[in-house]
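There are 2 protein chains.
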Amino acid sequence: MTQWFCEGLALDTISIDDRAVQYGDGLFETVAIRGGEPRLWRYHVERLQTGCARLGLATPAEAALEDALSSAVAGSRIDAECCVAKILVSAGQAPRGYRRDLDGKVTILIGLSESARLPEAVYKDGVIVRLCNTRLATQPQLAGIKTLNRLEQVMARREWHDEAVFEGLMLDTDDRLICGTMSNVFLIDGQSLVTPAITRCGVSGVMRRHVLTLLAEAGIDGEVRDVAIDEMWSCDGVLITNSQFGALPVKRCGDKSWQTGDMTHRIMQLLADSGIGEQPA
Amino acid sequence: MTQWFCEGLALDTISIDDRAVQYGDGLFETVAIRGGEPRLWRYHVERLQTGCARLGLATPAEAALEDALSSAVAGSRIDAECCVAKILVSAGQAPRGYRRDLDGKVTILIGLSESARLPEAVYKDGVIVRLCNTRLATQPQLAGIKTLNRLEQVMARREWHDEAVFEGLMLDTDDRLICGTMSNVFLIDGQSLVTPAITRCGVSGVMRRHVLTLLAEAGIDGEVRDVAIDEMWSCDGVLITNSQFGALPVKRCGDKSWQTGDMTHRIMQLLADSGIGEQPA
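Protein chains in written order, with the numbering used here: chain X, -18 to 262; chain U, -18 to 262.
Hints listed in this document are in silico derivations from the structure and should not be mistaken for laboratory results.
Just so you know, nobody snuck in bad clues.
Over 10 Å on every C-beta distance to chain X, these chain U residues come out as not near it, computed from the model:
no.	residue
1	Asp156
2	Gln172
3	Trp239
Not everything, but these chain X residues come out facing chain U in the computed CB check (under 7 Å):
no.	residue
4	Thr(-6)
5	Ile(-5)
6	Ala1
7	Val2
8	Tyr4
9	Gly5
10	Gly37
11	Arg80
12	Thr119
13	Leu129
14	Leu132
15	Gln134
16	Val135
17	Arg138
Backbone N, C-alpha and C define an ideal beta-carbon position, used for all residues, glycine too.
Using the sequences provided together with the hints, build the complete structure.
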């Protein structure tokens, strides 16, 4: 169960006339709270602010988001040491029609829920992923940000019921690998890594940004560019990243298998050293 | 104000955990109630059912939709002779994550509001439209249906504040004319009409379908195909259609003006004869 808060007050419902309901007019962030602190907080704030600017919504100040989050945590029964905080920013209530009020004021909702910890083995052995048939549409105006329009991900997630499959990877309409339904993807090729550019579609994940920063600091070549899906079939290893689980090696996608190699171990170690505690050291 | 109902009971709010709020996981129809009857009802029902099937949601039976609508009307203060009924079908409540429950059960909400009648003059003189910069992304899986993911329309509608501009027309990424933010479009060329195919993006409007049926019955050539925007600049006339206002001639888009010609008059007359009473006879 998720416990929701608005301005520190618990609530279960939202007005049906809210533009989040009617049009998906808003954005969200899913923040991992670890040791009582929101992890990769600056990255979440920056993506949310970028998203608000892109959608023409009033940009919440970092302090306002911090206040919203801490007052929710204070009022919650959820373990505030380790949980998931969903920040939902909606364009708010408005009369019928696509047109917004000129002021673009937003409503900030905080949803707290328990953190689902993955078994330690998957960080060592890796996960199974699949390639989804649902394609990501090219829409540069929405690429990178995390809007409430998520039907492509919902449709992709509908494609499998096999509990052994952890994630689905998605392509754009030109057979480029973009990201997973809930994760970003890195391909390992020798001593370098590549992650797909998120310029036409897809979500630019905070953990992807963190990994890219760690790679740069460690002097490892981490390239951001267009990636044809064929590159995945011939690469040495695949990693997926997400704000909650950190990074996971991929052991199989369809008929293709990968071994967890030295570079994967090195990146998992870099993450562990940076405080992404889900990684077994 | 919109008055909302679920299973005949008035309500103002929806659970924040509803998938309509979190992901825009659902569909809607905006039905014109005229003379106490839902206009073009079969077309609305069919599009909604098509949409549910496409999204993998349980398809509501026509009788269930009729019941939902009539119980809402019975409980409402809104003038039931002439109003707007928004039918919102949501994927309902679910735990966090893109994955749906396997049963795909839906929630049906009915929102009734007053009908905004346009001045009669616009049906004769036409309206001013603009060409939006926001493009419609190519996503065949969502094309034609009316989902709750409407950020492209919201962004397009943000492009203008000039009250004189009635509607914005939208292109896809290959400079094809697709539809307006809230309407479909017909181009008149001599004795024939063409309306863009809605196969890659856009919404397939009920009034568009009604006009195409009327054209076929009247023996007028009405083609449905890809339309390059350049065709609009050289055509003899433009019409936009929508469930609420019926059909309106376009008198200007940017620097280009059109006169209301014989074919426009003929189509407006066909609509009036078919009971689309907004058209002055």
